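Below are the chains, spelled out letter by letter.
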Amino acid sequence: MQFYVNGEPTTLDDHASLADLVTSMDLVGKRIAIEVNQEIIPRSQHAEYRIQADDHVEVVHAIGGG
Amino acid sequence: MSQLNDPLVIAGVEYQSRLLVGTGKYKDMDETRAAIEASGAEIVTVAVRRTNIGQNPDEPNLLDIITPDKYTILPNTAGCYTADDAVRTCRLARELLDGHDLVKLEVLGDQKTLYPNIVETIKAAETLVKDGFKVMVYTNDDPIVAKQLEEMGCVAVMPLGSLIGSGLGILNPHNIRLIMEAATVPILVDAGVGTASDAAIAMEMGCEGVLMNTAIAAAGNPILMASAMRKAIEAGREAYLAGRMPRKKYASASSPLDGVIG
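As you go down the protein sequences, you meet chains A and B in turn.
Using my numbering, you'd call the opening residue of the first sequence number 1 and step up by one each time.
Using my numbering, you'd call the opening residue of the second sequence number 1001 and step up by one each time.
If you are wondering where the hints come from, they were derived from the structure by calculation, not from laboratory data.
Predicted model, so just to flag it, every value in this text is computed and none were measured.
Watch out, some of these pointers could steer you wrong.
Residues on chain B that point at chain A, a partial pick, calculated with CB under 8 Å [as the list claims (entries may be wrong)]:
(1) 1005
(2) 1022
(3) 1027
(4) 1033
(5) 1034
(6) 1042
(7) 1045
(8) 1047
(9) 1048
(10) 1049
(11) 1062
(12) 1063
(13) 1067
(14) 1076
(15) 1240
(16) 1244
Here are some chain A residues pointing at chain B (derived, C-beta under 8 Å) [claimed, not checked]:
(17) 32
(18) 33
(19) 36
(20) 50
Don't be surprised by glycine CBs; every beta carbon is placed ideally from N, CA and C.
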């Protein structure tokens, strides 16, 4: 299944969850936030949330800024 | 301000420091941490950005250095040019910070000036206030706009002293004064401070606080400048509270005139 993460085409197994994506990105335990198709998916739902083909996923974190 | 009980109050929360600092443009995380410590700031801004696919996972995360239990993290919407993007960024920030809802709203107009786009700023502020955010809003130095943002429910209004990152100081103190006269929420100067005297001038005028980043991060010695800014903010605030002497046209001797010899 192909979908988009931060604008880049990405592939994971069908029925992969957001938690699987987080694992594949080496971000387990990091302070991040995830939006799918412009809707926030709370951290507590990452394990059960199934990514669909062509979803637009944004994964963000805090960086230096003024 | 250790001797005075004079907290800055934003959205009902008291802060002892009136200096708010950004975390951008530092050489590395160590310098970021040291400068922020030296500044004495309690409210610290961060940006929200996409995680880089393939970035080094061992790289320290900013929020592991500037931790939410020690600092009030103020996520910004820097880089957003539309109300929609700014609102999305704030919602992501709230998720990132476990429901923390204090945000710095800035919606920019163009890359050359980073001047605020007021139409989009007002749209975003409206949505964010309805959505329960406590909005500290970056705006231009227009007193009418500042008042409108306050009336919409923003918890602090932050007019620019001059362009972001320009270090040109407070170019229109008269407008900042007009904004302060009309305000019932804290007015903080955000952007434009170049050196300590600029910060002191803002505070002497009666601003409730100053938010800065580049003035510290781009100084020759950022940690020393952070310390200078802390003192300038405190000095300016104390001078404002003390009330300056009136200006006079002619000299007024400090030593008594009676009993001079000869």
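Okay, the hints, checked on the actual structure:
1. Nearest Cβ of chain A to the Cβ of residue 1005/B: about 29 Å, over the 8 Å cut. The hint is violated.
2. Because the beta carbon of residue 1022/B sits about 3 Å from the nearest beta carbon in chain A, less than 8 Å, this interface hint is met.
3. Interface restraint check for residue 1027/B: the shortest CB-CB distance to chain A comes to about 11 Å, outside 8 Å, so the restraint is violated.
4. Evaluation of the residue 1033/B hint against chain A yields a violated restraint, the C-beta minimum of about 11 Å exceeding 8 Å.
5. A distance limit of 8 Å between C-beta atoms decides the matter here; for residue 1034/B the minimum to chain A is near 14 Å, and the interface restraint is violated.
6. A least Cβ separation of about 16 Å between residue 1042/B and chain A goes past the 8 Å threshold, and the interface hint is therefore violated.
7. This hint holds: residue 1045/B has a C-beta 6 Å from the nearest C-beta of chain A, less than the 8 Å allowed.
8. This hint holds: residue 1047/B has a C-beta 3 Å from the nearest C-beta of chain A, less than the 8 Å allowed.
9. A hinted interface residue such as residue 1048/B counts as satisfied when its beta carbon comes closer than 8 Å to some beta carbon of chain A; here the least separation is about 5 Å, so the hint holds.
10. At its closest, the beta carbon of residue 1049/B sits 5 Å from a beta carbon of chain A; the interface hint therefore holds under the 8 Å criterion.
11. Residue-level restraint check for residue 1062/B holds (minimum Cβ-Cβ distance to chain A is 5 Å; threshold 8 Å).
12. A least Cβ separation of about 5 Å between residue 1063/B and chain A falls short of the 8 Å threshold, and the interface hint therefore holds.
13. Evaluation of the residue 1067/B hint against chain A yields a violated restraint, the C-beta minimum of about 10 Å exceeding 8 Å.
14. Residue-level restraint check for residue 1076/B holds (minimum Cβ-Cβ distance to chain A is 6 Å; threshold 8 Å).
15. Interface restraint check for residue 1240/B: the shortest CB-CB distance to chain A comes to about 24 Å, outside 8 Å, so the restraint is violated.
16. The closest approach between the C-beta of residue 1244/B and any C-beta of chain A is roughly 30 Å, which is over the 8 Å cut-off, so the hint fails.
17. With a cut of 8 Å, the hint placing residue 32/A at the interface with chain B holds, because the nearest CB-to-CB distance is about 6 Å.
18. A distance limit of 8 Å between C-beta atoms decides the matter here; for residue 33/A the minimum to chain B is near 4 Å, and the interface restraint holds.
19. With a cut of 8 Å, the hint placing residue 36/A at the interface with chain B is violated, because the nearest CB-to-CB distance is about 12 Å.
20. For the restraint placing residue 50/A at the interface with chain B, the shortest Cβ-Cβ distance is roughly 19 Å, beyond the 8 Å limit, so the hint is violated.
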